[in-house]
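Produce the complete structure using the sequences and hints provided.
Listed below, chain by chain, are the residues.
2 protein chains.
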Amino acid sequence: MRTAFYISDGTAITSEVFGHALLSLFPLEFNHDTIAFVETEQQALAAKDKINRAAKVTGEKPLVFHTFVNPKIREIIDSCDAIIYNFLEHFISPIEQELGVSAKPKAHRTHSIHENSYDNRIDAVNYSLANDDGSNITNYEQADLILVGVSRSGKTPTSLYLALQYGIKTANYPFIDEDMDALKIPDFLKPHKKKLFGLTIDAQRLMDIRDGRMANSKYSSARQCRMEIRAVENLYKKEKIPFINTTKLSVEEITAKILAQTGLQRYKY
Amino acid sequence: MRTAFYISDGTAITSEVFGHALLSLFPLEFNHDTIAFVETEQQALAAKDKINRAAKVTGEKPLVFHTFVNPKIREIIDSCDAIIYNFLEHFISPIEQELGVSAKPKAHRTHSIHENSYDNRIDAVNYSLANDDGSNITNYEQADLILVGVSRSGKTPTSLYLALQYGIKTANYPFIDEDMDALKIPDFLKPHKKKLFGLTIDAQRLMDIRDGRMANSKYSSARQCRMEIRAVENLYKKEKIPFINTTKLSVEEITAKILAQTGLQRYKY
Numbered sequence: 105m106r107t108a109f110y111i112s113d114g115t116a117i118t119s120e121v122f123g124h125a126l127l128s129l130f131p132l133e134f135n136h137d138t139i140a141f142v143e144t145e146q147q148a149l150a151a152k153d154k155i156n157r158a159a160k161v162t163g164e165k166p167l168v169f170h171t172f173v174n175p176k177i178r179e180i181i182d183s184c185d186a187i188i189y190n191f192l193e194h195f196i197s198p199i200e201q202e203l204g205v206s207a208k209p210k211a212h213r214t215h216s217i218h219e220n221s222y223d224n225r226i227d228a229v230n231y232s233l234a235n236d237d238g239s240n241i242t243n244y245e246q247a248d249l250i251l252v253g254v255s256r257s258g259k260t261p262t263s264l265y266l267a268l269q270y271g272i273k274t275a276n277y278p279f280i281d282e283d284m285d286a287l288k289i290p291d292f293l294k295p296h297k298k299k300l301f302g303l304t305i306d307a308q309r310l311m312d313i314r315d316g317r318m319a320n321s322k323y324s325s326a327r328q329c330r331m332e333i334r335a336v337e338n339l340y341k342k343e344k345i346p347f348i349n350t351t352k353l354s355v356e357e358i359t360a361k362i363l364a365q366t367g368l369q370r371y372k373y
Numbered sequence: 105m106r107t108a109f110y111i112s113d114g115t116a117i118t119s120e121v122f123g124h125a126l127l128s129l130f131p132l133e134f135n136h137d138t139i140a141f142v143e144t145e146q147q148a149l150a151a152k153d154k155i156n157r158a159a160k161v162t163g164e165k166p167l168v169f170h171t172f173v174n175p176k177i178r179e180i181i182d183s184c185d186a187i188i189y190n191f192l193e194h195f196i197s198p199i200e201q202e203l204g205v206s207a208k209p210k211a212h213r214t215h216s217i218h219e220n221s222y223d224n225r226i227d228a229v230n231y232s233l234a235n236d237d238g239s240n241i242t243n244y245e246q247a248d249l250i251l252v253g254v255s256r257s258g259k260t261p262t263s264l265y266l267a268l269q270y271g272i273k274t275a276n277y278p279f280i281d282e283d284m285d286a287l288k289i290p291d292f293l294k295p296h297k298k299k300l301f302g303l304t305i306d307a308q309r310l311m312d313i314r315d316g317r318m319a320n321s322k323y324s325s326a327r328q329c330r331m332e333i334r335a336v337e338n339l340y341k342k343e344k345i346p347f348i349n350t351t352k353l354s355v356e357e358i359t360a361k362i363l364a365q366t367g368l369q370r371y372k373y
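Respectively, the protein sequence lines represent chains U and R.
If you're matching positions, the first sequence starts at 105 in this note's numbering and goes up one per residue.
If you're matching positions, the second sequence starts at 105 in this note's numbering and goes up one per residue.
None of the hints are false.
Because identical chains cannot be distinguished in the list, a pair is counted as satisfied if it fits within a single copy or across any two copies.
Below, computed lysine to any residue pairings styled on SDA-like, alpha-carbon distance capped at 25 Å:
1) LYS288 with ARG327
2) LYS160 with LEU203
3) LYS152 with PRO198
4) LYS165 with HIS194
5) LYS297 with ALA234
6) LYS361 with ASN230
7) LYS208 with PHE195
8) LYS361 with GLY238
9) LYS361 with ILE226
10) LYS352 with GLU145
11) LYS208 with HIS194
12) LYS352 with GLN308
13) LYS208 with ASN190
14) LYS208 with ILE188
15) LYS298 with TYR371
16) LYS154 with LYS361
17) LYS154 with PRO346
18) LYS352 with PHE141
19) LYS154 with TYR371
20) LYS352 with GLN269
21) LYS361 with ASP227
22) LYS361 with ASN224
23) LYS154 with GLN365
24) LYS208 with SER128
25) LYS160 with GLY367
26) LYS344 with PHE141
27) LYS165 with ARG370
28) LYS341 with ASP237
These are calculated hints, taken from the structure and not from any lab test.
Set out below in structure tokens:
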């Protein structure tokens, strides 16, 4: 199997996203290897050794995705027995021309703490954790967003993703069995109705997820799952709470759809 | 201010990472706008309207970063009054040549649920939440990694990031004031010593963070912070627990360094 390397003087997240987006277009499997924090010529030479060894062992030239701007390190990586893809170089000069400004070839630290949004993200994680699953109903004033939905409809991972990636303080509140008979917005959420966003999910998928946690329980029964979902969807429609069905969506997709629908301001791009 | 648009038929995360990596090289400020889930020609035309409006309002051509592979949608986006950067097109044909395989121009869903690693990530988030901050000391058998460190040294955000992004089940355990007199690895962690990874932080930064939570307390005092840090660093060295100093690192950087040092297998690239 051919190896794909993702290399950078920082986290290599940009190289990973770039390489993965390209390779996902091809119906092939790859070995993946990330080499992060290649900051010196010595480290670049060690990376080169590793790449050249992969070329020898597999008999196929590795694909190397990188974002180096330091010319000496680039030269070392470019001299590997590999196919080199540097996505920055194709774009820097057209953007320079358009902007009329030169790029500053500093170390390429897109994912470092130096972005001024960083503390917002950590604060948002702390907020979201403290306000997960209805654990604190007195604190919604500070929320940017409050996710509601039945148990296991995706509220917690989505809340954490919104907080960690985008610095959005996201509380979440579960509607549980006891609420279902006459489901309504709880009094403590009413003042924050504009922050509510509903999640729903197909009954079969909900049953599968719940069955993995509590097999053969009322909680995971078809009847219970269907009843809960019907109740929350009716509530969302009656109260005009925006909502999405998470059944076929990743946490990234749920998040992107919520951002698009709410127009919420994010702290990081 | 010039506007940068990030557009895609999916989450637009790839376009955002791509555009942000490029724009971060320039000493300029931009307005950022993401248009996700542009899946139909009608939605592409709506995006075009938005882009052209930004061109008119700002008097400067917006920069548009996209990853469309659908030719009809590309044609619409390419016809905008904007500078268009499509990072896929430059790389697809060289990769096709190298691999001897044609790209499959399907909708570009890099961040969708269809990756088979998805359930691992959600399981890991649930595990990390249930095993945050020493809340469950009977469950370390399942951990891929156990972060240790003093309160507010970065354990929780790092655990959640490792879980959410990479599907790595990360527990974390805090060393607290009462432990410090004769700090050692607690008995329940000893069988899992190989999974331990230490975080440390500069005393001044720790004081600042703790002061934000509990001003003028023993907890946030210079003396206490210095003492705790000295104790945990001595423990790490004595017990040969690998560790890093998180003071100047983002959660992405801490994570990348942990992955590099431990060689942990991740479930997602």
